[in-house]
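A.B. asks: These are the residues of each chain, in order.
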Amino acid sequence: MNEILVYTQLNKNEICDFSYDLISYAKEISKNETVISSAIIANSDFILDENKKKNLYKFGADKVYLIKENFSYYDKYYFPDLIFETVKKINPSIVLFNSTTEGREIAPKTASKLNTGLTADCTGLEIIKKEDGFKLISTRPTFGGKLMASILSKTTPDMSTVRVNTFKKKEFNFEGEIEVIELNFEVNQNSSIKILEFIEDKKEFSTLENAKIIVSGGMGLKNKEGFEKLETFAKLINASIGATRKAVDKGLIDRKFQIGQTGKCATPEIYIAFGIKGAIHHIVGMENSKKIIAVNTDKNAPIFNYADFGIIKDANLVLDELISFLQKEKV
Amino acid sequence: MKIIVCIKQVPDTNDVKWSKDNNLIREGLISVVNPYDVLAIQFALDIKEKIKNTTISLLSMGPKGAVDAIDFGLNRGCDCGYLLSDKKFSGSDTVATSKTLYYAIKNVIKNFDLIITGQFATDGDTAQTPYMLANLLNIPNVGFVYKIDEIDDKKIVLYSAKDDGTYKIEGNYPLLVSISKYDGKLYKPKIKDYINAKDKEIKILNAEDINMPGELTGIKGSPTYVSKAYKPQNNRVCKFIETKDLLNEIKINE
Chain P
0 MNEILVYTQL NKNEICDFSY DLISYAKEIS KNETVISSAI IANSDFILDE
50 NKKKNLYKFG ADKVYLIKEN FSYYDKYYFP DLIFETVKKI NPSIVLFNST
100 TEGREIAPKT ASKLNTGLTA DCTGLEIIKK EDGFKLISTR PTFGGKLMAS
150 ILSKTTPDMS TVRVNTFKKK EFNFEGEIEV IELNFEVNQN SSIKILEFIE
200 DKKEFSTLEN AKIIVSGGMG LKNKEGFEKL ETFAKLINAS IGATRKAVDK
250 GLIDRKFQIG QTGKCATPEI YIAFGIKGAI HHIVGMENSK KIIAVNTDKN
300 APIFNYADFG IIKDANLVLD ELISFLQKEK V
Chain L
0 MKIIVCIKQV PDTNDVKWSK DNNLIREGLI SVVNPYDVLA IQFALDIKEK
50 IKNTTISLLS MGPKGAVDAI DFGLNRGCDC GYLLSDKKFS GSDTVATSKT
100 LYYAIKNVIK NFDLIITGQF ATDGDTAQTP YMLANLLNIP NVGFVYKIDE
150 IDDKKIVLYS AKDDGTYKIE GNYPLLVSIS KYDGKLYKPK IKDYINAKDK
200 EIKILNAEDI NMPGELTGIK GSPTYVSKAY KPQNNRVCKF IETKDLLNEI
250 KINE
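Sequences listed follow chains P and L, in order. Quick note: the first sequence uses numbering that gives the first Met the number 0, first residue 0, plus one each step. Quick note: the second sequence uses numbering that gives the first Met the number 0, first residue 0, plus one each step.
Watch out, some of these pointers could steer you wrong.
[To be verified] Taking lysine-lysine and the BS3-like style, the derived pairs with C-alpha atoms no more than 25 Å apart in a straight line are:
| id | chain 1 | residue 1 | chain 2 | residue 2 |
| --- | --- | --- | --- | --- |
| 1 | L | Lys180 | P | Lys276 |
| 2 | P | Lys312 | P | Lys290 |
| 3 | P | Lys11 | L | Lys51 |
| 4 | L | Lys167 | P | Lys221 |
| 5 | P | Lys62 | P | Lys193 |
| 6 | P | Lys329 | L | Lys250 |
| 7 | L | Lys187 | L | Lys51 |
| 8 | P | Lys245 | P | Lys329 |
| 9 | L | Lys250 | P | Lys193 |
| 10 | L | Lys51 | P | Lys255 |
| 11 | L | Lys167 | P | Lys234 |
| 12 | P | Lys169 | P | Lys134 |
| 13 | P | Lys62 | P | Lys87 |
Note that these hints are calculated values from the structure, not bench results.
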C-alpha cells in the first residue's frame, strides 16, 4: 500500500532518462516513507542488465516489476491492461507516468479501468500521510497557464502524468541492490489496430528536453525566412530550436518544436526568445529555464517580465547581426 | 458511415474566475469552439465528402449556451447535434465527463462507426477524455492523428505523430480517433450548409434522458477536485542590453 509505482518508459530497449528523473522525483517527495517501484513493460529483446538495475536503484527505485510480454515494439495498445493488472496486484497508493505521448496514452485508459482520478501534465507533486496510505497533491498549470491548480483525488490509487523536466534525477541509494520481480499477465492482445509503418524521428525524442541552449521563435520572426535565420543562428551556437504555438499554427515551423502548454516543456541553461510576445501558455513551457533572454520590438511585451536580459529591437534584425558577428569570428 | 464528433466549448482564457468551492465559473466568459475540435469537425466533413451516405452527429456537454458550438458544426455541414446539459453535470472531471459521453452514446445515439475528438481542449489541456471514453466503450482508439491516408466503409488508414516518430496505422470500425493537428484545409461555411442548418435538430439531453445514475454525474462522480488555485509566481527582473552583449551572455555558461 505504501508504494509509489512509476511507469518506466523504454526507447529501443533503453530506459528513458526522463523515467529516471521521475523515479528520483517520487523518491524525493516520499521522504523515505514509501517504497518506490518501477514498472517496465518489455519484450524478449529487453535485458535488465546490471547497469540498468544499478541505475534504477541509484536514482531511487527500491523495486522493479518487469512485465515481460510478447509484443512488437510499437504495439502499445494493451499496455493499459498490463498496468491495470499490475496495480491490482501490488495495490500502490500512487501511480506516476511521464507526460510524454506514451504516458498520456497509457495513463487515462489505465485510470478509466481502475475508475480512479488522474491529473494531467503536472509540474509539481507532494504527498500527505493518511491513516490508510498516502495521498498525492498534484499541481498543474490550467486555463492556458493563468492559474496553478493543486488537485487531489477522492479515490485510490492517485494517478498523475508529470511533465518532463519537472525534476532532474539524482542519486539516493548507495549501498544495496534493487529487488527484481517478474510479472506475467494474460491479457487480450487482439486489436483491430494495425501499425503498417513506423518512421522514426531521428532528430527528435528529447532534443528539446535535454538542450543546453534553446533559441525560440514567435510571430515576430514574421515568416519562414525568419525561422531559417533562427536555424542558422542555432547551428552557429549549437542550440536547439523552439517555437510558439502561433508560429506553429501558421505553418512557419513544425509542431514538434512547439514549447508551451500544449507543446513541450523546456528547462535549458539558456533560453533565447526571438519575436515572442510571451503569451502565458508559452511562458509555462519555458519559465523554468536558468537564464532567459528576450528580443522584441515592444518594450511592454509580457516576455520581458520573465526575462533576465532583454533587447528591444526587431528579432529579424538582431538575428542578422548575431549571424554576421559569429560568421566574422569564424573567419 | 455514422460519425460522432465530440466537441467542447471553451472559454477565452484571458478572464478566469473561480467559485468559492474552487470550481470554474464559466458564465460570463467569452466562449469559442475548442480549436482542436474545429479540426475534428473538418476531419469528419472531409470523410463525408469521400464516403457516400455519411452522417455526422455532434456531441457536446456544457451549459445551454454551448449550442453555439453545435451550430458552428451544423453551419459547416454536420447533420445533427446533441447537447448534454444538466446542472448535475457541472464540475465533472475527465472521469465523470467520459462517463457522461459514454451514457449518451450507449443509450441515445447508439449506432456509430467512428468517433472523432480533438486531442486536447485548450482550457483543461488534459487530453484524457477521449482515451477514457474509448475504454468505456471498449473500442480501440488512435491518438495524435494529423492525416488520413485512405478511407473506405471497412477501414481507415491514418498518420499519427508521437514523440518517437510517425506511425501509419490501419483501423477497422468502430474506432475512436483524436486529432492533434490537421494537414487538410479548413473551410468556411458554404451558403447552402448555412441555410440548411436552420432545419437541423439539436437535442438537449439531461442525466435522466441518457439514463445515467445521479451518483456518477458531475462533482459527485468526479474522483479529482481542485483543492487550491493560485496565480503563478515570477521573480525575474529584466536588464536591457545591446545585441553584441547577447553573445557574451551566452558565452558565460559555456
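A.B. asks: Does each hint hold? Answer for all of them.
C.D. replies: The hints, checked one at a time:
Distance check on the hinted pair: Lys180/L and Lys276/P sit about 23 Å apart at the alpha-carbon level, within 25 Å; holds. Restraint check for Lys312/P and Lys290/P: the C-alpha separation of about 19 Å stays at or below 25 Å, so the hint holds. For the hint linking Lys11/P to Lys51/L, the alpha-carbon distance of about 43 Å lies beyond 25 Å, and the restraint is violated. With a C-alpha separation of about 33 Å, the suggested pair Lys167/L and Lys221/P falls outside the 25 Å cut-off, and the hint is violated.
For the proposed pair Lys62/P and Lys193/P, the alpha carbon gap of about 34 Å is over 25 Å, so the pair is violated. With a C-alpha separation of about 15 Å, the suggested pair Lys329/P and Lys250/L falls inside the 25 Å cut-off, and the hint holds. Only pairs whose Cα atoms come within 25 Å are accepted, and Lys187/L paired with Lys51/L is accepted, the gap being roughly 22 Å. Taking the CA atoms of Lys245/P and Lys329/P, the gap is near 34 Å; set against the 25 Å cutoff, the hint is violated.
Between the alpha carbons of Lys250/L and Lys193/P the distance comes to roughly 49 Å, so the proposed pair goes past 25 Å and is violated. The straight-line distance between the Cα atoms of Lys51/L and Lys255/P is roughly 35 Å, outside the 25 Å bound, and the hint therefore fails. Taking the CA atoms of Lys167/L and Lys234/P, the gap is about 31 Å. The hint is violated against a cut of 25 Å. Distance check on the hinted pair: Lys169/P and Lys134/P sit about 24 Å apart at the alpha-carbon level, within 25 Å; holds.
Proximity of Lys62/P to Lys87/P is assessed by CA-CA distance (about 17 Å); at most 25 Å being required, the pair is judged to hold.
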